[in-house]
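Trainee: Chains as they are written, first to last, in numbering that gives the first Met the number 0: chain Z, 0 to 54; chain Y, 0 to 244; chain W, 0 to 226.
To be clear, the hints were calculated from the coordinates, so they are not data collected in a lab. Accuracy of the hints is not assured; some may be wrong.
[Unchecked claim] A few chain Z residues that face chain Y, going by a derived Cβ cut-off under 8 Å, partial list only:
#1 K9
#2 Y19
#3 V21
#4 A22
#5 V25
#6 R37
#7 L44
#8 R48
No residue lacks a Cβ here, since even glycine has one placed at the ideal position from N, Cα and C.
Residue strings, one per chain:
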Amino acid sequence: MSWADFFVMKGYALYVWGSYGVAIAVFVLEIVLVCHRRKISIHQLRLMRDAKTGI
Amino acid sequence: MTINWFKYSAPSSFYGLAGKLIPWFAWPAGVLFCVGLYIGFFVAPTDAVQSEAYRIIFIHVPASILSMIIYIVMAGYAALGLIFNTRLSSMMATALAPTGALLAFVSLWTGALWGKPTWGAWWVWDARLTSELILLFLYLGFISLQASIDDPRRADRAGALLAIVGSVNVPIIYFSVQWWNTLHQGSTIKLSGTSMHIAMQQAMFAMFMALWLYVIAVVLMRVRSIILERERNTQWVTELKEYQQ
Amino acid sequence: MSKLSPFGLMGLVIVRDLTLAMRRRADVMTILIFFVMVSSLFPLAVGTEADLLRKMAPGVVWVAALLASMLSLSRMFSSDYLDGTLEQMIIVPHSLSMLVLSKIIAHWMLSGLPLVLIAPVLGLQFDMSGQALMILVVTLLLGTPVLSIIGAIGAALTLGLRGGGVLISLLVLPLCIPVLIFGTGAVAQVLDGVSAAANLSLLGALLLMSLLFAPWVTAQALRISLE
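Pulled out of the complex, with its shape left as it was, chain Z reads as follows:
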């Protein structure tokens, strides 16, 4: 299959790339959200630690 064929997908490009595009977007979003959640958890831990040592 040539690269031109790859992008056009015999006219079904909207459906094929719409599917894979959204799927990959979802996975990327999930990874971003999980990393963000970890950052927040660690940040809250540090806030707690600072509050303790501040006494």
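Given the coordinates of chain Z, work out where chains Y and W should sit on it, guided by the hints.
Mentor: Chains Y and W only, in chain Z's frame:
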């Protein structure tokens, strides 16, 4: 040498283990994903009936199957947490839910986009797609219930009960939807012919494994955050590198 | 103090719940009014073509019944929870499942049974045939108890939580979908001229199964919520 099978059932020891395991799942997932997509797009031939649109199945089918497996695993962990009172089991259930829900969504979205060119409608009330929609509702119910309860132990147990009731209901729901569907339509989603070209099978398998490994990696990451959130008042957390900066 | 038989206790709880509800008749009436209003919305929305209405009727009535039942669920345990009666019920040396079943029966008599009784009137709004109407009432008679039984689990899990009725509906509606499918399927079969026996027996099976398991599950959910 006695093996302590339950060594990693404590959040404190599982946290470290999970952290070490994540790359072992994440990297192979990425590689298999590329391999699967390559085979699926460049090696597998064009389908006689559905032309290029069929290639959506390489993401649709693994997502669907995994969304169902994840629900069962989630209910299993939740049940373990309820019966044995183990916090980590419940944390795993909570960690699995968002991933399962997202995969159910991907399954529905790709299913709709597959349905439009193939059967002419954006939403085909196929028995399996409809059951998938109900599965998404079950996930969202579980997540909402846990989000509404402040006490973590009550949230664990209530969620567990809901997940168990849900999994008992899933066969009933599936059967009733099948019944309803054959009365109204009678057609189910199938590929042309009963045998799949070998390259299609390979691509499907690679994508399925890739997605499975990805799910494990993501859930391990999420459960680590959950552990940090729930265990923040314990001694072992103060000894972590993240805590001490 | 004479020992109370299990059935005596159940009767006591049912009578108590009914008495308490009769003091707040408005609560029961609002559900009925909601049911009638929602059913009436559909002809307004889709037009009055008789054929279409007749086809839609079982579905519309059933969905309205489902929604109306969901509305009343939060009240099943909340008033007892707020005044401490529920804790007493858990401590008492009688089967909590039986007590729960009594409350479910009382709830159904107050929310499900009225729907069953009013449904024929709504069916006439949609110009349903007599035979179809009869089957509709039978499906509601078999199905609304199942809605109360499964709904009890949701009510018990969400005790005291903010989000109230909507959260319960979110949890319980997916579980009630088989009831909806078999209920409307039975009427559809009769409209097609086929016997509705299959759907009706499936509904009956759902009723029996939920009667067997759900009260016990609800009791566990109550214990979880009250710890």
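Trainee: Work down the list of hints and note, for each, if the structure agrees.
Mentor: Hint-by-hint comparison with the structure:
{"no.": "1", "hint": "K9", "result": "4 Å, holds"}
{"no.": "2", "hint": "Y19", "result": "6 Å, holds"}
{"no.": "3", "hint": "V21", "result": "5 Å, holds"}
{"no.": "4", "hint": "A22", "result": "5 Å, holds"}
{"no.": "5", "hint": "V25", "result": "5 Å, holds"}
{"no.": "6", "hint": "R37", "result": "5 Å, holds"}
{"no.": "7", "hint": "L44", "result": "5 Å, holds"}
{"no.": "8", "hint": "R48", "result": "6 Å, holds"}
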